[in-house]
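K.L.:
Residue numbers (numbering that gives the first Met the number 0), protein chains in the order written: chain A, 0 to 354; chain B, 0 to 272.
By construction, these hints were calculated from the structure, which means they are not laboratory data.
Every residue gets a Cβ at the ideal spot worked out from N, C-alpha and C, and that includes glycine.
Just to be clear, a hint being listed does not mean it is correct.
Stated by the list, open to error - Which bits of chain B does chain A cover? Going by a derived footprint, with three or more residues having C-beta under 8 Å, they are:
no., segment
1, 161-169
2, 175-184
What the hints assert, rightly or not - Take a look, some chain A residues computed to stay more than 10 Å from chain B by CB distance:
no., residue
3, Ala149
4, Asn240
5, Arg313
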Amino acid sequence: MTTSHVIELKSLSKTFGNVKAVSDISLDVADGSFTSFIGPSGSGKSTLLSMIAGFDQPTSGTIRLHGKDVSKLPSSERNIGMVFQNYALFPHLSVFENVAFPLRVRNMDARTLTSRVHEALESVGLKGFEARWPKQLSGGQQQRVALARAFVFGPEVLLMDEPLGALDKNLREHMQSEIKALQRRLAVSVIYVTHDQGEALAMSDNVVVMSDGRIQQVGAPAEVYRRPQSKFVAQFLGETNLLEYDLVSRGLSGPIGRLANGAAFVLPDNITDAASGTLSLRPEEIEFADPAESGCRHARIEETVFLGDCMRCRVDYQGLPLWVKLPATVMRSVPRVGQNVALHWNEASLVPLDD
Amino acid sequence: MVRRWFWIPGLGFLVLFFLLPVGAFLLQSVLDPGPTFMHFERLFEGRAFWVSLGNTFRISITVTLICAVIGFLIALRIATLQRPYANALLVLIVMTVWISLLVRNYAWMVLLGREGIISTSLVALGIFERKTSLLFNEAAVVLGMVHVLIPYMIIPTYAAVQAIDPALLRACDSLGARPAQVFSRVLLPLSLPGLATGCLLVFTLSLGFYVTPAILGGRGQTTLTMLMEIEVNEQLNWGFAAAHAAVLIAITAVLFFAYRSKFGMDRLWGQEL
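Take these sequences, add in the hints, and give me the full structure.
P.N.:
So, in structure tokens, the structure goes:
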């Protein structure tokens with residue numbers, strides 16, 4: 000049977016004592032894709048990865064790997080590569096032997112083994128490090144060894160559990176693009192667990208946002224970022240302003256809503272008929288307009304935070320606090336605290352949320 | 000700078016109560032009655048010395064190997080337990096060291112004797128025809144010594160096993176290693192320093208063991224320490240006894256330095272495991 004899914008999870012649940020770590024998760028992961036599980040700690044993302052790897056047995060549900068039910072198989076028979084947060088390199092083995100480990104336990108002949116290990120080390124940029132010991136390597140180098148060890152035996156899927164968590168920011172960003180490039184070159188499916196939403200957005204073809212053991216939303220990074228479905232997703236991925244409104248009327252020019260501060264505005268067409276609701280408005284979707292213009296929304300700058308490439312301003316929009324994010328290039332003059340401004344946003348950037 | 004003088008009481012104690020008496024005793028091997036090598040000549044010429052040296056080594060090696068296998072298995076098992084249970088078991092193991100050696104060896108005499116529970120049970124089961132003493136042979140000596148010495152194997156081995164990152168075992172699993180391969184390729188090599196420490200402790204303690212072979216052993220289990228005891232208590236030949244002791248100490252020292260050059264001293268005190 001051929002299938003385009005590397006992993007299919009069906010009604011997967013895991014209970015520890017009376018705590019539901021993962022409840023009823025069903026998910027298909029496309030072959031060759033880079034998929035991230037993101038969520039706050041305790042959201043169940045690591046437990047989910049653990050079950051796919053075979054370290055934890057699901058309480059109920061099935062895990063299929065390329066169509067084959069592996070739910071009952073021990074980890075060692077699943078042919079899954081895993082990169083651990085703390086690298087988990089064998090301290091008593093050299094770099095070469097660490098990478099050779101999965102091939103040795105498969106009894107590969109010496110010549111193929113040597114060339115495969117050299118190839119793997121070369122592709123992570125560690126040619127010439129064969130004789131070193133893990134202790135002699137930097138964090139980034141250890142991570143590369145762990146990576147080489149995890150893919151050298153041609154696993155069906157590569158699992159990564161917060162692999163860059165222990166690295167400093169610059170190195171982390173560098174490793175992100177390296178891992179991404181390697182994944183494309185090897186055309187291997189990757190499941191990546193992180194609590195860093197920026198990392199997930201930067202690397203993934205698909206993100207799976209989790210909280211409380213459930214999947215909140217699945218989609219391409221841009222789609223999930225632009226069209227969050229729930230308050231949780233809107234707030235967890237990036238920053239946002241949540242606007243609570245009451246539906247006033249469904250006028251000719253579209254539905255009209257009223258904010259808590261009394262301001263009326265045009266709602267997007269796709270809102271439900273409920274009497275009230277919540278909208279997400281990303282800070283970067285708000286612009287400062289000329290206050291002299293008619294019909295504009297007057298606000299006052301309360302706080303400014305300079306971030307280098309952009310500036311975050313907290314404004315008071317007639318009693319409603321809003322965050323506005325301005326790219327550095329747009330700022331003709333540096334906004335000052337106390338300055339009166341007019342706010343402008345496009346109706347299309349208002350995203351209705353569930354709950 | 001008070002710290003600088005801290006080592007003086009300790010050193011003084013060692014010199015006064017260890018180095019001086021042991022040194023004075025050892026010196027007798029070459030100074031009793033006058034400067035002489037006759038004790039060593041007599042020692043190396045006599046058959047009794049070589050036989051008992053052989054006995055001592057054979058028993059010590061057997062005891063060390065049995066302790067290593069059983070101790071490693073016990074340490075592995077304890078390491079998989081939850082912390083409170085593991086600690087409770089370790090306390091129990093250490094507590095056995097507090098019970099007098101003599102008491103424990105006499106307990107084996109009672110158990111293994113002709114009227115002991117083992118002998119009578121075997122007769123009741125029809126395995127033995129009549130009550131038999133299981134004492135005064137090498138198995139009894141080895142059994143008694145393993146019983147006494149196994150804590151010295153378990154403690155350092157447990158320290159090594161317990162320090163192994165559980166993520167390494169999961170890494171083994173994910174990389175396709177079967178349980179036997181996990182054991183031989185990762186668990187055993189990473190436990191080796193602890194096992195070596197345990198072996199050094201058990202082996203050197205075995206070399207100097209007296210009570211167990213004397214009580215539970217027979218003619219074939221005469222060890223160097225038993226020869227020494229005869230020289231000191233019966234022959235009153237202190238110089239000759241000191242020559243025995245010098246040989247034992249020399250052997251222990253060689254083993255100790257061999258260990259140090261291979262594993263370093265820190266390991267013996269349980270650091271950096």
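K.L.:
Evaluate each hint against the coordinates.
P.N.:
We went through each hint and held it up to the structure:
With a threshold of 8 Å between beta carbons, the proposed coverage of the segment 161-169 of chain B by chain A holds, since 4 of its residues qualify and at least three are required. Here's how the segment 175-184 of chain B fares: 5 of its residues keep a CB closer than 8 Å to some CB of chain A, so the rule of at least three is met and the hint holds. Distance to chain B contradicts A/Ala149 as a non-interface residue, since its nearest Cβ pair spans about 8 Å, not more than 10 Å. Annotated as non-interface, A/Asn240 keeps its C-beta farther than 10 Å from every C-beta of chain B; the closest such distance is 41 Å.
A cut-off of 10 Å between C-beta atoms confirms that A/Arg313 is not in contact with chain B; the least separation is 43 Å.
In this structure, the one hint that does not hold is number 3.
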